[in-house]
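Novice: Listed below are the residues making up each chain.
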Amino acid sequence: EVQLVESGGGLVQPGGSLRLSCAASGFTFSSYEMNWVRQAPGKGLEWVSYISSSGSTIYYADSVKGRFTISRDNAKNSLYLQMNSLRAEDTAVYYCARDWGGGTVTPDYFDYWGQGTLVTVSS
Amino acid sequence: DIQMTQSPSSVSASVGDRVTITCRASQGISSWLAWYQQKPGKAPKLLIYAASSLQSGVPSRFSGSGSGTDFTLTISSLQPEDFATYYCQQANSFPSFGQGTRLEIK
Chain A
3 EVQLVESGGG LVQPGGSLRL SCAASGFTFS SYEMNWVRQA PGKGLEWVSY
53 ISSSGSTIYY ADSVKGRFTI SRDNAKNSLY LQMNSLRAED TAVYYCARDW
103 GGGTVTPDYF DYWGQGTLVT VSS
Chain B
99 DIQMTQSPSS VSASVGDRVT ITCRASQGIS SWLAWYQQKP GKAPKLLIYA
149 ASSLQSGVPS RFSGSGSGTD FTLTISSLQP EDFATYYCQQ ANSFPSFGQG
199 TRLEIK
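From first to last, the protein sequence lines are chains A and B. Note that this note's numbering has the first sequence beginning at 3, numbered continuously upward. Note that this note's numbering has the second sequence beginning at 99, numbered continuously upward.
With a straight-line Cα cutoff of 25 Å, these simulated DSS-like cross-link-like pairs (lysine-lysine) come out:
#1 B/Lys140 with A/Lys45
#2 B/Lys204 with A/Lys45
#3 B/Lys137 with A/Lys45
#4 B/Lys143 with B/Lys204
#5 A/Lys67 with A/Lys45
#6 A/Lys45 with B/Lys143
#7 B/Lys137 with B/Lys204
#8 B/Lys140 with B/Lys204
Chain A stretches covered by chain B per the calculated footprint, using a threshold of three residues with CB under 8 Å from any CB of chain B:
#9 43-49
#10 113-123
Some but not every residue of chain B turned toward chain A, in silico, with C-beta under 7 Å:
#11 Ala132
#12 Pro142
#13 Leu144
#14 Tyr147
#15 Ala189
#16 Pro193
#17 Phe195
#18 Gln197
#19 Gly198
Just so you know, the hints here were simulated from the structure itself, not pulled from any lab data. C-beta: ideal position from N, C-alpha, C; glycine also.
Throw the hints in and build the complete structure from the sequences for me.
Specialist: The structure is reproduced here in structure tokens:
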């Protein structure tokens, strides 16, 4: 069974940093591209970042470019999101999501999602 | 950036009804479109990809159609477990989602 389990969320002050983790199991993690997608409270979904299976190709949404860094450790079956210079508008549930279906080295569809971890940016 | 607009924003329907949700892209995206279902407090679930392909394990009452800029999600006969929020997502360029359509019980 595919499982994605996020951790690392919490309350942080504006300008602060946080590192999210996503532990993957039930599939060959090193063969799949991965993404982070977020959802502000009561709002819709926003794609945040993508990383290829090897980690060699990375993309970010304009809203987080220069502040967030995605990475992965295939030996540990883990995905990460380092978030710096956090703003109130970064408050959201952050989901890791497995990329699937497009056959391209770009973000496509998301076939499995974790349960999410809540990040709250507030003083 | 490609903007995705869903309509309606909310809809009320009864068990057994046929419901259609529309998604329009601000520019052509071929068939690079997915539909997701999200229930309160849960992660989204992939229903349809490539505009009309049913994801494994998803009931056949769900169907998708369209290409270019206009797409639809149809639920042929609503079941109690279908009341949720539905999102479209384009994958032609960096992903973007519609604002969501809340499907409520009448």
